[in-house]
Amino acid sequence: MLEKPILVAKGVGFIFSMLLELISRSLSFRLKLIRHSMSSRVSSEPGTRRNIVIVGASIAGYTAARTIAQYLLPNSEYRVVVIEPRDHFQFTWVLPRFCVAEGHEHKAFIPYGGYLPAGAMEADGGKVAWLKDRVASISRENVKLTSTGQEIPYEFLVVATGAGATDTLPSRVGAEDKATGLELFKEMQRRIRDSKDLVVVGGGAAGVELATDAKSKYPEKRVSLVHSRDSVMHRFGPKLQAAAMDGIKELGVELITGDRVVGEDKEKGIATLKSGKQIACDYLVNCTGQRPDSKLVAQLSPSSISESGYIFTKPTLQIQDDSLPNVYVCGDVSETNTTHPNSRSAMRQAMTVAWNVISATEGKKPKSRYEPHWLDGVIKLTLGLDKSVSSVGDGKTEFMFPAQDKHIDLMAAGAWHKLGAKPFEDNESEFLSKIKSKI
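With the working numbering, letter number 355 in the sequence shown gets 355, and the count goes up by one each step, no holes.
Incorrect hints may have been included.
[Stated by the list, open to error] Quick list of in silico lysine-lysine cross-link-like pairs, DSSO-like style, CA-CA up to 30 Å:
(1) LYS406 with LYS387
(2) LYS10 with LYS217
(3) LYS387 with LYS217
The hints are simulated quantities; they were obtained by calculation from the structure and are not laboratory data.
Values in this document were obtained by computation on a predicted structure and should not be read as measured data.
Hey, can you work out the whole structure from these sequences and the hints?
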């Protein structure tokens, strides 16, 4: 009887402690600003800037950039250098839905820039330099850009390169520019719409959501979901697994568990399973596995990479390699024992990195520690275009909250607001005018 209120109390306590920490840091920074403004030193623009390089600007890298820029003192000798190849923030949670629901795909591309502190990217005195590029390699002193070959020295490096099931839809867009991304969405929408026998491989969140969305929108279509485990959503609690299985069966999706696709004959329109069973398939969508993008760190410190490809970190989120104390990692690419990595855990990791980098710029030892928390693992799973179920649990207790959804775009406007953009107005040209080709 008391399990639910106890769990809620624990969750509220955790949120309250986070808010207290943010308030404490904000007040401390205000006092620091006052002391800085009253300093007898003559204020002047910094000379040679010392770089805090952030590789990747998904939610972890973007949050780290925002937080560090927010807490750097005026005229600091340090600046944040963000290296990101995409021209928009790609909102990954909505990707499976927008692969099926037409006319909303533009909402997955949120303009960059608005999440940063005001004036952060100004040419004179800005705290952030943004490079639209990829990093080709990392050394102990600098990062090398792919397009220009420029080598950028760093005092601190933050790796936030992420992870995904595949490099393409529905897990990732698979394009660096919005225009190409929109075309990829429309092509997948068309292929799903035109298919008669859709096969979705992988029973994690992306696979379950795409399969149930497709069956919900096209009830006459045969949709098969193939998963290698005995239950979909197998990494989560038994109640969410059961709710997902019920939602799948209620819609009429053919669920095949304990088996996997080992071949596809596109000419015959058949997918072959490991068991030998063959199923009709005129379009196959792969939603399997998480693959961390850790190749840059693997070149720099091979011993820091786990067997599954994640980057080992200390609780301070410094890389585990003691010879690289100025290299930090946050987000899905990091090995932090986070049970269900998502945007909440990525943002908390990013803030831990930011506090530690700020401390290090002041000559202090990094002290902030990231500890996984069950509240980060709260998940909302859609089961068709108008139904969802949310799961809250700490590994021992699990509660489900089914809901009827009114917003087919999954309330994407909220993410735009969160990232400082007006839904759904794209001021791409304003941001692109401030990015640099080199520094």
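Tell me if the straight-line CA distance from LYS406 to LYS387 falls inside 30 Å.
Distance of about 9 Å is within 30 Å: holds.
Between LYS387 and LYS217, is the straight-line Cα distance small enough, at 30 Å or below?
holds (12 Å)
Below or equal to 30 Å on CA atoms is what counts here, so check LYS10 against LYS217.
Judged against 30 Å, a Cα distance of about 39 Å means the pair is violated.
The structure shown violates just one earlier hint, number 2.
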